[in-house]
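Taken in sequence, the protein lines are chains H, X and Y. The first sequence runs 1 to 297 under UniProt numbering. The second sequence runs 1 to 317 under UniProt numbering. The third sequence runs 1 to 430 under UniProt numbering.
None of these hints come from the bench; they were simulated from the model. The hints are all genuine.
Derived DEER-like restraints, expressed as beta-carbon distance ranges:
no. : chain 1 : residue 1 : chain 2 : residue 2 : range
1   : H       : Val281    : X       : Leu300    : 39 to 45 Å
2   : H       : Gln151    : Y       : Gly163    : 58 to 64 Å
3   : H       : Tyr138    : X       : Phe46     : 14 to 20 Å
4   : H       : Gly85     : Y       : Arg426    : 45 to 51 Å
5   : H       : Tyr138    : X       : Arg219    : 42 to 48 Å
6   : X       : Ile89     : H       : Ser68     : 47 to 53 Å
7   : X       : Leu214    : H       : His31     : 29 to 35 Å
8   : H       : Gly196    : X       : Ile43     : 28 to 34 Å
9   : Y       : Ala56     : H       : Gln73     : 31 to 37 Å
10  : X       : Trp72     : Y       : Asp418    : 28 to 34 Å
11  : H       : Ile84     : Y       : Ala176    : 51 to 57 Å
12  : H       : His31     : Y       : Ala176    : 53 to 59 Å
A virtual CB, placed ideally from N, CA and C, is assigned to each residue, including glycine.
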Amino acid sequence: MITDVQRLTVVTGDSGETTRLRKGALSLLAHGLLTLASILMLYPLLWMLSASFRPENEIFTATSLWPSSWSIQSYIRGWTGLRIGFDTFFLNSLIIAVLAIIGNLATCSLAAFAFARLEFRGRRFWFAMMLGTLMLPYQVTLIPQYVLFHQLGWVNTFLPLVVPKFLAADSFFIFLMVQFFRGLPKELDEAAMMDGCSPWRIYWKILLPLSTPVLATAAIFTFIWTWDDFFAPLIYLSDIRTYTVQLALRTFVDSSAESDWGGLFAMSTLTLVPVFIFFLVFQRLLIEGIATTGMKR
Amino acid sequence: MASAPSHEVAQGGSVAGAAAPSWWAAARSKNGPGYLFLLPWFIGFFGLTLGPILISLYLSFTDFDLLTAPHWNGGANFVRIFTADAKFIQSMRVTLFFVIVSVPLKLAFALGVALLLNRGMRGLPIYRAIFYLPSLLGASVAIAVLWRQLFAGNGLVNQFLLNFGIVGPSWISNPRYSLWTLIALAVWQFGSPMIIFLAGLRQIPLDMYEAASLDGAGRWRMFRKITLPLLTPVIFFNAIIQTIEGFKSFTPAFIISGGTGNPINSTLFYTLYLYQEAFGFFRMGYASALAWILLVIVALFTSFSFLTSKYWVHYDN
Amino acid sequence: MTTLHRRQFLLGSAAALAAGAISPAFAADAKLRLLFWGGKARADRTFIATDLFSKANPGVTIDGEFMAFQDYWAKLGTQTAGGNAPDIIQMDYRYIVEYAIRGGIAPLDEFVGGALQLDDFDKDQLDGGKVNGKLYGISLGANSVALMVNEAAFKEAGIELPGRELSYEDLPALAAKFNAANKRPGMKLFQDGSGVEPALENWLRQRGKALYTADGKAAFDAQDMTDWFKLWSDLRAADVIVSAEDQALDATDAIENTMITLGKATTTFANSNQLIAFQAVNKDPLTMTNFPRIKAGSGGGHYRKPSMFFSIGGTSANKELSAKFINFFISDPEAAKALGVERGIPCKASTREVIAPTLDAQSKIALEFVSNLGDLLGPLPPAPPANAGEVSTQLRTTSQEVAFGQTSPEDAGPAFFDQASATLARAKKG
Numbered sequence: 001m002i003t004d005v006q007r008l009t010v011v012t013g014d015s016g017e018t019t020r021l022r023k024g025a026l027s028l029l030a031h032g033l034l035t036l037a038s039i040l041m042l043y044p045l046l047w048m049l050s051a052s053f054r055p056e057n058e059i060f061t062a063t064s065l066w067p068s069s070w071s072i073q074s075y076i077r078g079w080t081g082l083r084i085g086f087d088t089f090f091l092n093s094l095i096i097a098v099l100a101i102i103g104n105l106a107t108c109s110l111a112a113f114a115f116a117r118l119e120f121r122g123r124r125f126w127f128a129m130m131l132g133t134l135m136l137p138y139q140v141t142l143i144p145q146y147v148l149f150h151q152l153g154w155v156n157t158f159l160p161l162v163v164p165k166f167l168a169a170d171s172f173f174i175f176l177m178v179q180f181f182r183g184l185p186k187e188l189d190e191a192a193m194m195d196g197c198s199p200w201r202i203y204w205k206i207l208l209p210l211s212t213p214v215l216a217t218a219a220i221f222t223f224i225w226t227w228d229d230f231f232a233p234l235i236y237l238s239d240i241r242t243y244t245v246q247l248a249l250r251t252f253v254d255s256s257a258e259s260d261w262g263g264l265f266a267m268s269t270l271t272l273v274p275v276f277i278f279f280l281v282f283q284r285l286l287i288e289g290i291a292t293t294g295m296k297r
Numbered sequence: 001m002a003s004a005p006s007h008e009v010a011q012g013g014s015v016a017g018a019a020a021p022s023w024w025a026a027a028r029s030k031n032g033p034g035y036l037f038l039l040p041w042f043i044g045f046f047g048l049t050l051g052p053i054l055i056s057l058y059l060s061f062t063d064f065d066l067l068t069a070p071h072w073n074g075g076a077n078f079v080r081i082f083t084a085d086a087k088f089i090q091s092m093r094v095t096l097f098f099v100i101v102s103v104p105l106k107l108a109f110a111l112g113v114a115l116l117l118n119r120g121m122r123g124l125p126i127y128r129a130i131f132y133l134p135s136l137l138g139a140s141v142a143i144a145v146l147w148r149q150l151f152a153g154n155g156l157v158n159q160f161l162l163n164f165g166i167v168g169p170s171w172i173s174n175p176r177y178s179l180w181t182l183i184a185l186a187v188w189q190f191g192s193p194m195i196i197f198l199a200g201l202r203q204i205p206l207d208m209y210e211a212a213s214l215d216g217a218g219r220w221r222m223f224r225k226i227t228l229p230l231l232t233p234v235i236f237f238n239a240i241i242q243t244i245e246g247f248k249s250f251t252p253a254f255i256i257s258g259g260t261g262n263p264i265n266s267t268l269f270y271t272l273y274l275y276q277e278a279f280g281f282f283r284m285g286y287a288s289a290l291a292w293i294l295l296v297i298v299a300l301f302t303s304f305s306f307l308t309s310k311y312w313v314h315y316d317n
Numbered sequence: 001m002t003t004l005h006r007r008q009f010l011l012g013s014a015a016a017l018a019a020g021a022i023s024p025a026f027a028a029d030a031k032l033r034l035l036f037w038g039g040k041a042r043a044d045r046t047f048i049a050t051d052l053f054s055k056a057n058p059g060v061t062i063d064g065e066f067m068a069f070q071d072y073w074a075k076l077g078t079q080t081a082g083g084n085a086p087d088i089i090q091m092d093y094r095y096i097v098e099y100a101i102r103g104g105i106a107p108l109d110e111f112v113g114g115a116l117q118l119d120d121f122d123k124d125q126l127d128g129g130k131v132n133g134k135l136y137g138i139s140l141g142a143n144s145v146a147l148m149v150n151e152a153a154f155k156e157a158g159i160e161l162p163g164r165e166l167s168y169e170d171l172p173a174l175a176a177k178f179n180a181a182n183k184r185p186g187m188k189l190f191q192d193g194s195g196v197e198p199a200l201e202n203w204l205r206q207r208g209k210a211l212y213t214a215d216g217k218a219a220f221d222a223q224d225m226t227d228w229f230k231l232w233s234d235l236r237a238a239d240v241i242v243s244a245e246d247q248a249l250d251a252t253d254a255i256e257n258t259m260i261t262l263g264k265a266t267t268t269f270a271n272s273n274q275l276i277a278f279q280a281v282n283k284d285p286l287t288m289t290n291f292p293r294i295k296a297g298s299g300g301g302h303y304r305k306p307s308m309f310f311s312i313g314g315t316s317a318n319k320e321l322s323a324k325f326i327n328f329f330i331s332d333p334e335a336a337k338a339l340g341v342e343r344g345i346p347c348k349a350s351t352r353e354v355i356a357p358t359l360d361a362q363s364k365i366a367l368e369f370v371s372n373l374g375d376l377l378g379p380l381p382p383a384p385p386a387n388a389g390e391v392s393t394q395l396r397t398t399s400q401e402v403a404f405g406q407t408s409p410e411d412a413g414p415a416f417f418d419q420a421s422a423t424l425a426r427a428k429k430g
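Next up, chain H with everything else stripped away, as it sits in the complex (with noise of 0.2 Å):
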């Protein structure tokens, strides 16, 4: 927050009485924007959580917000319902992600590192390759893939979810990364080699800690990204016990039979909390870095 207000007033650099009166009304305006836009963002999720509390043959007919009667019991048969308690999920998933993040930040920062500062033959080659991959649609590698993990006896294991983020297959955090590389100095590294510095140590001493924002956003996505995920966890993982929150999430409803809509909202609802704490924290970081190092170039 201080840093919030510093950079204010450096940036804006404004001084004296009308301005701060000025000032006094633009941010009770902006405010009044923010609230006004946050509802309109909230909305569909105050309406999620209502019909999480709401007697399910409301769920589809109600107009109001306010559900006719209240009742927990959604929550209830929602987390032990499918045999197996809705904890087990959450610890799937939790896994799944914080290894994901791992790898991602790991592999992906190296690879990174490589196109945005190191001189090798082909650079350009094997970028636009990285970029590729970004390119196919995921539906048709699906089955090779899957024949591939099957042969290695991966399937029905969290290693095809994980595996691949430890060797930076994740195209989308490698280009990211080597976009925000690119705008950190270059005479950081020149600097840095006049010292004697190998590139191992001008990666892991000087551009990671640098790249705090980067790299929590990174994180964020990942995590976000991959407790969403609701493809690959169908495609690879079978044994109930395996599976992950948006998987089981999945088993609540189908639409040709009897469903457990509220026992969805409930848990859907639950879901989220994990991911928004996850944010809420991480997002700290984001505020920090090199903004606040003060930094000269």
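Using the hints provided, position chains X and Y relative to the given structure of chain H.
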């Protein structure tokens, strides 16, 4: 955090001349370190990614039906796609329209809100979290129900419009407007590019603003002369990524139209059509051909962006 | 890819050999994988049955996995293509031909009389599981199409519930009566059925036609389709059915999006085993009746359709044990009680007797409805050919084109017929 070494280094840098130690020049000119840092990626690329990609290329020249061995049928898939497939044209039209409209809108929203939320104001973390919340929902089944609550004939949007005497259509199920509700969904989930913009804004050194403000630059001038140019690598990134993702967009239409792309194929996204062909109608070979056509289109677009990026993206070197 | 296939084949046959060598009978510690679609309610019932089977056969475990219908086919397709198909596969009437002709599921004839005891199994249901004369699926229940009806809406309006004799010709008059007395804002008498394939099939059958011939061609002509689209256009003009916009909210006949659930119509075309599922998301009490007749006295549109099958994976190493499980599933009294009529009316007479006294009110309605179709009942049509799913998709799209006024019934009829014929022909070439 880590300010000490960077400071030291930066000062060293300002003193340093052009002459570098010879071992470093040698190391740089050699390829060793580059390939070493890329090692995990190479293992993944050759071990996990490349094989399936090449196989899908092979399959695009076959009649693979998921259940029996593929048979080579030459370019028959491609011939059919380009000469006799109305759904290909329709899905391409839908997707292009979606990309052209939703990507700039989403980026504008993300950048605008990021700029707003970057300023010193009370409660910013809360706002940031709230604006990111819709993106947390991802492709949850709940979205389909939610979107109908908003955009059906008696949905919230029309109830609001009624205050002004406007009787709105059923946006989500009218072929004239249904694609717009999906664009609205894409724009509503602007959280990811917003976060990337925020991170980018944080990377702009504060002292540049200090120097500019000493020179008497106003806010708008600083935005144009400092923020915008230094943000171009991130803008470039977001534009490329959102476009690629836009072309590949699948889940919103899959969930909201129940996988059909209706009404009247008005939300038949390219990858949705591809998915129907592959898993609904057992034509994985044909779907692979569709996928490779998409790859070529996206790759052309991306290469073009990279070529033009020389003129507007500013890296620090 | 070919090498992979060969390898899978070798692996598969090696496993089969090994299994055969070790276990002439059902050796201990076998594990069967079961894949089915459905919601939680179906899963709960199914898992009681699998537990009972494991108890009766010590050492045999069944790993059951379930998911929504929409997700099911991608997973099954991937597993099958990847050489890792489940042992027991829940199969849909629409896809059984596709999987059978490609070897994705195995013929079951060798087990009939052995592991599969089908003596008092309904003949029509047994035939429903046959493809090219071989048995590929055991029907888990008989179903019929049925019209869900909102009882409360009719009572409030003071109008008699639509009954067995209702015909399409009666609809305009009934709608006029209903619209005059209706207390529910925005509720129409009928959904728009022009894009609902089972409604079209039912109507065609009453005309002495059908959807498909046994050799996989269209069994209707362009004129039939023009009449069909015209029928619904007239009903739309007469204010009998919901608007095009409202009907388009229902993209896939998903229960939660149907016109009855959304309160847009008093009725919805559905299946007889879905009453409980419909009731769960509807506040008003529902009941069900038959689809309308095309005119007074016409019948034969309905048939007892296998709601779904259990099939055995083409590469399963435990085919006989899987067959034994299927047999248990359709005939064990305790399992039958747990399963009820959730997948449709059981096809074995003995099983029906066991469960009859244990059913709740809604299940009884379903049982009685399917058992007493009388003159409405016609013969079982041949199983839908390959690409039938695509034709059904095209029907929905064309019906919307007519409803939204982009084309006329006169143009849509021939256009749809040509498109459907081309789609069906494409399957036969490939």
